[in-house]
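Asker: First to last, the protein sequences are chains C and G.
Heads up, the first sequence is in our numbering, so the first residue is 1 and it goes up one at a time.
Heads up, the second sequence is in our numbering, so the first residue is 1 and it goes up one at a time.
Because the hints were derived from the structure by calculation, they are not lab data.
Please note that the accuracy of each hint is not assured.
Ranges between beta-carbon positions, derived for each pair [said to hold, decoys possible]:
| no. | chain 1 | residue 1 | chain 2 | residue 2 | range |
| --- | --- | --- | --- | --- | --- |
| 1 | G | A18 | C | E409 | 35 to 41 Å |
| 2 | C | A244 | G | K127 | 17 to 23 Å |
| 3 | G | K14 | C | E359 | 39 to 45 Å |
| 4 | G | H220 | C | E359 | 41 to 47 Å |
| 5 | C | F308 | G | V100 | 39 to 45 Å |
Derived lysine-lysine pairs resembling DSS-like cross-links, with alpha carbons at most 27 Å apart [what the hints assert, rightly or not]:
| no. | chain 1 | residue 1 | chain 2 | residue 2 |
| --- | --- | --- | --- | --- |
| 6 | C | K29 | C | K337 |
| 7 | G | K58 | C | K441 |
| 8 | G | K157 | C | K126 |
| 9 | G | K157 | G | K127 |
| 10 | G | K441 | C | K157 |
| 11 | C | K441 | G | K441 |
| 12 | C | K426 | C | K363 |
A virtual CB, placed ideally from N, CA and C, is assigned to each residue, including glycine.
2 protein chains.
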Amino acid sequence: MELQTTLELVKMLKSELAEEQVTVNETVKELHSRDESYHFPQLPDIVVFPRSTEEVSKIMKLSAAYHVPVTPFGLGSSLEGNAIPTQGGITIDFSLMNKVLEVLENDFLVKVQPGVTRSQLNKELKKYGLFFSVDPGADATLGGMAATNASGTTSVKYGVMRDQVRDMEVVLADGMVIHTGNRAAKSSSGYHLNGLFTGSEGTLGCFTELTLRVYGIPEHVAAARAAFPSIHHAVEAVVSILQAGIPIARVELVDEASIRQVNRFSDTDYLEKPTLFLEFHGNEAGLKQDVEFTEELVASYECEDVYFETDNAGRNALWEARHNLAYAYIHGNPGRKLMVTDVCLPISELAGAVGHAREQVEKLGLIGGIVGHVGDGNFHVLLMLDLNDPVEVAKGNQLNEQIVLYALERGGTCTGEHGVGIGKQKYQQQEHGDALVVMEKIKRALDPSNLLNPGKIIATDKKGAIL
Amino acid sequence: MELQTTLELVKMLKSELAEEQVTVNETVKELHSRDESYHFPQLPDIVVFPRSTEEVSKIMKLSAAYHVPVTPFGLGSSLEGNAIPTQGGITIDFSLMNKVLEVLENDFLVKVQPGVTRSQLNKELKKYGLFFSVDPGADATLGGMAATNASGTTSVKYGVMRDQVRDMEVVLADGMVIHTGNRAAKSSSGYHLNGLFTGSEGTLGCFTELTLRVYGIPEHVAAARAAFPSIHHAVEAVVSILQAGIPIARVELVDEASIRQVNRFSDTDYLEKPTLFLEFHGNEAGLKQDVEFTEELVASYECEDVYFETDNAGRNALWEARHNLAYAYIHGNPGRKLMVTDVCLPISELAGAVGHAREQVEKLGLIGGIVGHVGDGNFHVLLMLDLNDPVEVAKGNQLNEQIVLYALERGGTCTGEHGVGIGKQKYQQQEHGDALVVMEKIKRALDPSNLLNPGKIIATDKKGAIL
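Here chain C stands alone, though its shape is the one from the complex:
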């Protein structure tokens, strides 16, 4: 942005919002230039902190008037550079819009502002015996999670973020405010805007309120670790659990290298073998039968050790260890940055894909482990890269590409839950083919000047126009 434009726009923004809600402070800009990924940071020109939908609408109108890009920002926990403002402009930080507005306990719904975090919401819901199911590990904001269609450990049972969105208040490129849905459990009225806006990564509008589905805290929960002689055995065991129709609530694969990181970081002494972390929800009798059946099934895949966590504390420790895995890698590898692959495949292709990924990691001599929400066919390689070593970075990119191409050739997707952002832009054409033309038409129809998080999902030419 030209300095003159920036100064004028800051003045206008300060006249519409309060003085302290608009900043060009370098430290603040720096904090909004990056996420938790390896992607190259880019400073926004201005950071604004709206307090209301009306203020977001005013910001959007000014962005349109000054022809300046806007990028929404939650907590910066994205993993593909989704919130990096690659063309500068205004970053909208939603941290002041962080209220749980309404818990509709009888309807199993909650209405929140986009800056509310997952843990903040669950703390509030606990008072009502409810919980929010989507659990991506990071304590992301719900706005951010909706923007990338996040999912995580529980989606095998409860679905992904898109499945939880009943309604969103969205501010469009021209400042108009719409609602994408309603409070009914289902609808056949009009086009499915809930689905379209969820996962749109700020490219079609900014979310200012979300009405989300919540669930009763399950009556009974059982969790277990099961260690296997190989990744292949572990994945095959998952497939057989799914095929047996056991309604498993979580099933996470953690490979040998990752268990080692867990043990170091979380001070645990888990057997250092490819391991499944499992969880079952249900009534007491049904759960018991599910657990027994699962024990039989894993035994037939040469499971070497099954350990059931019977109390809350043990279960929490188990899932904390799993959730802290990315941080375990980061802390265990100072000076390196995290690159996470994120493909999802049909379940029948999963064992092959995970085996292929493990081979490639070793062949390229990279540091990293494999973890995954294997019940969905989604897995990640967590790579720790020295960004100052161009050879290592090239190897990381090569691995990512090999894994993506393997998935795309087998009916999978380049991103199961992290979104397109910067890292998966180049695979959109290959994954979607001519459907990308439809996506481009939708983008053009809703953001004709290409000001909303430009360059994400839909590619942009050098002049900033939609390709």
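Dock chain G against chain C, hints included.
Answerer: Relative to chain C, chain G alone:
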């Protein structure tokens, strides 16, 4: 259409397809002029029966070249005039594209052509121990079910049509063929075209292939009828079952008047009281506990009679009776046509809404009963109208409107599962507000000449342009 255009277009169509796949026969046109609803029929000018995606693409290109509307047609079981070609033109009948293309049993997926019916699919899937969950009662085609985002008795557990669609092959207005998804269980890549096209009622493209999620036939199933002193008691019992977290697979409300129709038509002797039809799926032990808990719960709502169907035959008879209810009304009222209301509300508003609907039916002196997928907050009034009696038709419309407005004022939707079609067009503005502007932009972007089932979902002016 002008005769000259019709003749020329028929000639062109016959040169691209085979002679017998294109017809202007009056009887065939008449069969494609109506659905199962009270909506006024309208003849198409031409009916075509494509055999392949390529042929559908050729038809779309000719429609574009001749500027003639196209309306897709499955079996005509829609209930809101969704497939009535209100502006004439070409109707595409998919009955020759009726193959189950591939059962991917290990991935719990099936690939079908749009003309496959629900019962045809389930017959095929049974060989693999699988079933397709969406069950709208009518033996509709899967293409039609995707077009209206159908649901039905099992959606409380398994979700609606949109939740089952993993991928569709779609022919766009210009003949281009796209895929809306892939075979992975989840994806965060690109805009959610599966969701957008599902429920688009032929206004954005024609579906030529569907890849759908299927499920293992549950190990154990229990079904029951529970009769209550009032509708209010029955609905409150459902709310308490849901709040108890019992993972009920089906829960249908059938009111007293409808039970009477069932007994007459299906030769049953069910107690003529407001009744819940219930079904539970699960493992043996879990099911037993769910059933016992449900019995306790319904007893506390003054349930007067619970009868469990323990064998397959009894269960089938129960659900057949429920499914045949619309036909029972039709056969029991010769000379009258069916008008079905179809709102869906937040569950906390359901008892009030059903009570309000019952009161209005009685006040207006109409013939009809209430049934509903009450676990979703969705209910129907089945009205039998004498279309030759303008006073009765006006009363039917008045009732429909009262029910819709009641729902919209309480966060509900004007259509839970039948779609917009002709009947719910007039409520789109009120339900969606400014979001309708976004829908119009999407329609314009994908069908700029407004030739795809024009006038459905998005209103059309007298010249046929998008409003």
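Asker: Now tell me, hint by hint, if it's right for this structure.
Answerer: Here's how the hints hold up against the structure:
no.: 1; hint: G:A18 x C:E409: 35 to 41 Å; verdict: 36 Å, holds
no.: 2; hint: C:A244 x G:K127: 17 to 23 Å; verdict: 19 Å, holds
no.: 3; hint: G:K14 x C:E359: 39 to 45 Å; verdict: 56 Å, violated
no.: 4; hint: G:H220 x C:E359: 41 to 47 Å; verdict: 42 Å, holds
no.: 5; hint: C:F308 x G:V100: 39 to 45 Å; verdict: 42 Å, holds
no.: 6; hint: C:K29 x C:K337; verdict: 20 Å, holds
no.: 7; hint: G:K58 x C:K441; verdict: 22 Å, holds
no.: 8; hint: G:K157 x C:K126; verdict: 24 Å, holds
no.: 9; hint: G:K157 x G:K127; verdict: 23 Å, holds
no.: 10; hint: G:K441 x C:K157; verdict: 35 Å, violated
no.: 11; hint: C:K441 x G:K441; verdict: 10 Å, holds
no.: 12; hint: C:K426 x C:K363; verdict: 24 Å, holds
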